[in-house]
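6 protein chains.
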Amino acid sequence: MPIIEMHFLEGRSLEDKARVAEKVTAAVVEALDCSPSTVRILITEHKHGEFYVAGKAGRASDQAAGNMPGQ
Amino acid sequence: MPIIEMHFLEGRSLEDKARVAEKVTAAVVEALDCSPSTVRILITEHKHGEFYVAGKAGRASDQAAGNMPGQ
Amino acid sequence: MPIIEMHFLEGRSLEDKARVAEKVTAAVVEALDCSPSTVRILITEHKHGEFYVAGKAGRASDQAAGNMPGQ
Amino acid sequence: MPIIEMHFLEGRSLEDKARVAEKVTAAVVEALDCSPSTVRILITEHKHGEFYVAGKAGRASDQAAGNMPGQ
Amino acid sequence: MPIIEMHFLEGRSLEDKARVAEKVTAAVVEALDCSPSTVRILITEHKHGEFYVAGKAGRASDQAAGNMPGQ
Amino acid sequence: MPIIEMHFLEGRSLEDKARVAEKVTAAVVEALDCSPSTVRILITEHKHGEFYVAGKAGRASDQAAGNMPGQ
Numbered sequence: 001m002p003i004i005e006m007h008f009l010e011g012r013s014l015e016d017k018a019r020v021a022e023k024v025t026a027a028v029v030e031a032l033d034c035s036p037s038t039v040r041i042l043i044t045e046h047k048h049g050e051f052y053v054a055g056k057a058g059r060a061s062d063q064a065a066g067n068m069p070g071q
Numbered sequence: 001m002p003i004i005e006m007h008f009l010e011g012r013s014l015e016d017k018a019r020v021a022e023k024v025t026a027a028v029v030e031a032l033d034c035s036p037s038t039v040r041i042l043i044t045e046h047k048h049g050e051f052y053v054a055g056k057a058g059r060a061s062d063q064a065a066g067n068m069p070g071q
Numbered sequence: 001m002p003i004i005e006m007h008f009l010e011g012r013s014l015e016d017k018a019r020v021a022e023k024v025t026a027a028v029v030e031a032l033d034c035s036p037s038t039v040r041i042l043i044t045e046h047k048h049g050e051f052y053v054a055g056k057a058g059r060a061s062d063q064a065a066g067n068m069p070g071q
Numbered sequence: 001m002p003i004i005e006m007h008f009l010e011g012r013s014l015e016d017k018a019r020v021a022e023k024v025t026a027a028v029v030e031a032l033d034c035s036p037s038t039v040r041i042l043i044t045e046h047k048h049g050e051f052y053v054a055g056k057a058g059r060a061s062d063q064a065a066g067n068m069p070g071q
Numbered sequence: 001m002p003i004i005e006m007h008f009l010e011g012r013s014l015e016d017k018a019r020v021a022e023k024v025t026a027a028v029v030e031a032l033d034c035s036p037s038t039v040r041i042l043i044t045e046h047k048h049g050e051f052y053v054a055g056k057a058g059r060a061s062d063q064a065a066g067n068m069p070g071q
Numbered sequence: 001m002p003i004i005e006m007h008f009l010e011g012r013s014l015e016d017k018a019r020v021a022e023k024v025t026a027a028v029v030e031a032l033d034c035s036p037s038t039v040r041i042l043i044t045e046h047k048h049g050e051f052y053v054a055g056k057a058g059r060a061s062d063q064a065a066g067n068m069p070g071q
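Protein chains in written order, with our numbering: chain A, 1 to 71; chain B, 1 to 71; chain C, 1 to 71; chain D, 1 to 71; chain E, 1 to 71; chain F, 1 to 71.
It cannot be assumed that every hint is accurate.
[To be verified] Taking lysine to any residue pairs in the SDA-like style, the calculated list, with each CA pair at most 25 Å apart, reads:
id, chain 1, residue 1, chain 2, residue 2
1, D, K47, B, G49
2, D, K56, D, A26
3, C, K56, F, E15
Hint data in this document are derived by calculation from the structure and do not stem from the laboratory.
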């Protein structure tokens, strides 16, 4: 019955979201030995100016590179 | 002082949201014997592709019927 | 498929929690015309010192009376 | 490593959001004596009809004045 | 920079939690092509009486079998 | 009417929590020009094994130093 909330910056495609939901569901099912039907995932995208690290706004272009401020 | 966060799929009218907030507030007040003024409700709507059951995206048309995948 | 997170101060009995979950589920089903089986509720209790209004900690004894600071 | 989620009504400027993120980060760093780089802030704005006090919808115009219903 | 909140019923071992965190992190990194260092996971366990499906409390023994009420 | 959820690792004193709540409330009031009585703060502490960065569990001793894995 896991419920999973994912937060990330705006800019991901529908395919990205579907893929991450599918892979995270599989990871949870394998790790916790539960039925897939019990796994619910909620995604919330945050616009630029709604995600901060060390008080500085993150940008979508930082995501893949991992070069957010303070990382 | 209950704080309640509600998540559901996009597509509800302003009237639906007002009605669910009113009814949930009344339910909390009755069940917990608290003052209405202490009850706060936050609603977050999730777009298609932001809510998954068993790794499959839910659709607004599934909501009333209850025929989400995995249910 | 609503997912509902409820936060309140520690001190409620198991019966209180079951009653609020039952009543809130019924309220959501009636207001949103969805199947009960799609409604999930998560309760998080917060200890004294983990809930603040106007920067002052709330107390369980304030809950019924509605006399939290700032209300 | 604090993670902070802030919810407020839609209508704040990008400057407002940046300022609140900067000030809250500084407050957390000072109070908890942690490194700024460990502080992450997520902001979620709620549209009119997605925030309720005492079962009544809050309005952006209530925010500064503090005259939300039930306050 | 994904932030992931996981909710499940009390009763998982420290090893279960570490394993699900490791596997979910790997799933997110692969699906979103981001750096592992940007992925943060918060787990919240809910006691019996703090998780409800269709208004009925879920039990830890239901988790593996997937036979929660309403599923 | 801001609602703020703070998550951090277990191990903070009641004084730490009260101080961070007081300072964050003041920061929000100043930055958003709202009434203190509209600001609510919820704190959730996470036990060891319930907070992960890059798939590795954070420890309370990492908090002040900011030397979490991946930072």
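Against the structure, the hints:
1. D:K47 - B:G49: Between K47 (chain D) and G49 (chain B) the Cα gap is close to 20 Å, so the pair holds against 25 Å.
2. D:K56 - D:A26: violated, 34 Å
3. C:K56 - F:E15: holds, 12 Å
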